[in-house]
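2 protein chains.
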Amino acid sequence: MTARVLVVDDLEPNVKLLEAKLRAEYFEVMTALSGQEAIDLAIEHQPDIVLLDVMMPGLDGFETCKILKANDETWHIPVVMVTALDQQADRVAGLQAGADDFLTKPVQDIALFARVRSLTRFKQMTDELRHRHAAGARMGVLSKADLSAFDEKQATILVVTDEDSIPAIDQGSEHMPKHISVVYENDARMALEAIRRGEPDLVFIDLGMESYDPLRLCSGIRAFDTTRMAPILAIASKDETRQLVRALDLGVSDYLMTPIDAQELAARVRTQIRRMRYLEQLRASFDQTMEMAIIDQLTGLYNRRFLSNQGTRLIEEAHTTEEPLAALMVDIDHFKMVNDTYGHDAGDLVLKEVSARLTTSVRGSDLACRTGGEEFAILMPRTPKESAHDIADRVLRAVNSVTVKLSDGQTLDVTVSIGVASLDRSDNLATILKRADEALYRAKQNGRNQVIDEAA
Amino acid sequence: MTARVLVVDDLEPNVKLLEAKLRAEYFEVMTALSGQEAIDLAIEHQPDIVLLDVMMPGLDGFETCKILKANDETWHIPVVMVTALDQQADRVAGLQAGADDFLTKPVQDIALFARVRSLTRFKQMTDELRHRHAAGARMGVLSKADLSAFDEKQATILVVTDEDSIPAIDQGSEHMPKHISVVYENDARMALEAIRRGEPDLVFIDLGMESYDPLRLCSGIRAFDTTRMAPILAIASKDETRQLVRALDLGVSDYLMTPIDAQELAARVRTQIRRMRYLEQLRASFDQTMEMAIIDQLTGLYNRRFLSNQGTRLIEEAHTTEEPLAALMVDIDHFKMVNDTYGHDAGDLVLKEVSARLTTSVRGSDLACRTGGEEFAILMPRTPKESAHDIADRVLRAVNSVTVKLSDGQTLDVTVSIGVASLDRSDNLATILKRADEALYRAKQNGRNQVIDEAA
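Going down the list, the protein sequences come from chains L and Y. If you count the first sequence from 1, position 391 lands on 391 in my numbering, and the numbers rise without skipping. If you count the second sequence from 1, position 281 lands on 281 in my numbering, and the numbers rise without skipping.
Bear in mind the hints are in silico, worked out from the structure with no lab data behind them. Keep in mind that a hint or two might mislead.
Same chains, same names: a pair is fine if it fits in one copy or spans any two.
Stated by the list, open to error - Capping the alpha-carbon separation at 16 Å, the derived lysine to aspartate or glutamate pairs in EDC-like fashion look like this:
(1) Lys-16 - Asp-109
(2) Lys-434 - Asp-345
(3) Lys-21 - Asp-261
(4) Lys-434 - Asp-340
(5) Lys-178 - Asp-225
(6) Lys-336 - Glu-375
(7) Lys-123 - Asp-453
(8) Lys-405 - Asp-345
Just so we're clear, the structure is a prediction, and the values are computed from it rather than from any experiment.
Excised from the complex, chain L in its bound form (with noise of 0.2 Å):
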């Protein structure tokens, strides 16, 4: 695994002590010598991590960071504050500034390391979803991300360890928001299937368990694609630094060391809270652009783009298994007339209403399409020819009772004309459409507000 760093210190021989250790392990590092270099840079080359000196005259570390977390183009990256070791306030004041993790000075090689590639992994493992989305969201069809709106969800954090509770966690809530509870649990395969039914938002490890292998829980939970991403945090003793290092190779998102700093705890919390959220939002988007692909909007009903996907599939299935199918073609009548006396507004009402009418007198099998204007098809497997007009019937009678009640308190009576066809061997959707669109004409013709069946 490898990144591309960007190391930010004013002091030229911090900034080669940091660059030559990561160039020996082969990651690609850029360097800058001020916070607005820093931020220049990481605009136009999207580096995968920063490592950012507090201590910088002009724009300082905190400033910096502020000013990459608030931009459009760098928030995602994540950014590593260097502090002095003893400096207890910077990290807070860090954490404010929204940084995701920090190195103390002079800085060790395997928390270097450790940090850095916990934290490239999760922004690789979601970059092709980033990339995805943030293409929706130029075309206006998804929403930007942000990341401090889910702050205020209500989450559970389970902890996995020997002891009944550990005071510094609790304690620390005083410095977490309310809506965040704590829950225990000793025993680590319990543990494991709670996490895979999704019931915690962040689990915390105890690395000092004895009762089970705590690597052995992180690499269980790591090695199942619904719980790959899950946020874990190990808490680690002074000793325990190699089961760290062993834990954060299997992918541990972040780590606490004791005794547990209650700030800190409660800053890290909030980050790995939001990254879930995060995913969860890139995951839901995609999903939801899915659905508007074949949704229409202003009804709910599915659109023409899925009436010749899914019909076709319909149809297919219908031949394979011998069985009967029906198709309806339905049109609102004077439609024109209610678009040009009260309105597009009271247009569009008719069309919700009607649509919602159809949508209850199906079934759930059925598939109900707006295709058109003012236009609809519905398709309904395993209905035999003798029993589609009866249907129509009822869809008929269903929608003609609607009266709709516009905003100035008028109120119109809708009417639709329906025509059916029921499946023949040789159909196609295509065919079947027009057969049922034919006998929707003569319904048209025939005076409207009726069924009519296709020619025998």
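Once you have looked at the hints, place chain Y on chain L.
Only chain Y this time, still in chain L's reference frame:
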């Protein structure tokens, strides 16, 4: 990094040995003692990789591999065949059955972990996209992936080496399909640039290179978003094992040992190119889905959804820059009559022709959308009130010059009516479109085929 590994062998001691090795490195292991059991487990538990013994009673390894690769639920899981050392014929048969890689008995640790890590890394990186894609395929929005469909496409291999040519590769091309061409590059920096420009489909890196550190070249490719997933094949001699392990650690996709076996070469090339094309297809599918969400399928114009997102943005921009903006509402005259008299196919043809004329008669920066059945909206940024009417006239003439030729040879003359409105300080998208729509209504009342401005 960890993964779930399915180990398949009819001899229990062999299974136990591999299981112990893998578990010691914190992999999760499932085991099967027959081909059929392996298939059932793979379908039910979806492992990240299958290690498959060739010689088994009943279904042998080749048959098992074929079945896994033909099943919709398991084709994407990498299969490593475990063969006897001297059985070259087994390798060829395994590749023909669709195996992704080989291990020879007795299995060496280095080779085992290198193969497992490298194959599961690619799978895990693409799992997110693949899951979303599968959801799209179930909805009928996206088509199913078909890896073998990529085999016939032209592809280029870039070989980075100090040599002028590597005879085995040229020689190997006898076994490779004719559409694959091989290009040599001695300068690693030039190679990196070519790779970043996306020129080669597959990169070979000679680990014996001395003019540039071949590992640095690997990390230089892997460190960039755009080339992170680019397929790289390392070429290593027996005494370059240490570099090879490091190269696999840096994310090289696969390797060939010298002397290079021609058939193995051809098979590995095919596998890598298939994977790359598959990833490209996944990426393209998502872009396509997003396009579907904003494009009207019939006419190719933007849809109402895009109008509300992008139109709102354009209007905000116009308010900010205090530049003018004009809106047109366009409606096809007597469209219902066309549909009723000539049928829906004729109606669709008219919609397409009119849309094509609208597209060509506005600027690239204008936003032309189909908002409903036969109605269109056009937003024109930086268009002053004085010229809006003239532009609308031009659009009217462009459309009215259309003669639509129906499939039965009849011709139809089409006209439109247009309402014009210009941006007021207090306008939002809805209010400006409403005024344009009211103007359109008056154009209709006034006898159609004309442009009317909003009421003064």
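- Item | Status of Asp-225 relative to Lys-178 across identical chains (alpha carbons, at most 16 Å) | Result: close neither inside a copy nor across copies, 31 Å intra and 38 Å inter.
- Can you tell me if Lys-405 and Asp-345 fall within 16 Å by alpha carbon in one copy, between copies, both or neither? within (12 Å within a copy, 34 Å between copies)
- Item | 16 Å Cα threshold - placement of Asp-340 relative to Lys-434 | The answer is between: 13 Å across copies meets 16 Å, while 28 Å in one copy does not.
- Homo-oligomer pair classification [Asp-453, Lys-123; C-alpha up to 16 Å]: Intra 59 Å, inter 53 Å, cutoff 16 Å: neither.
- Query: How would you classify Lys-21 and Asp-261 at a CA-CA limit of 16 Å: within, between, both, or neither?
  - Reply: neither (29 Å within a copy, 39 Å between copies)
- At 16 Å max between alpha carbons, let me know whether Lys-336 reaches Glu-375 within a copy, between copies, both or neither. For Lys-336 and Glu-375, the Cα distance is within 16 Å both inside one copy (12 Å) and across copies (12 Å).
- Task: With 16 Å as the alpha-carbon cut-off, assign the pair Lys-434 and Asp-345 to within, between, both or neither.
- Result: The answer is between: 10 Å across copies meets 16 Å, while 30 Å in one copy does not.
- Task: First find the shortest C-alpha distance between Lys-16 and Asp-109 inside one copy, then the shortest across copies, and answer within, between, both or neither for a cut-off of 16 Å.
- Result: Close inside one copy (15 Å), not across copies (37 Å); limit 16 Å.
Against the hints set out earlier in the document, violations occur for numbers 3, 5 and 7.
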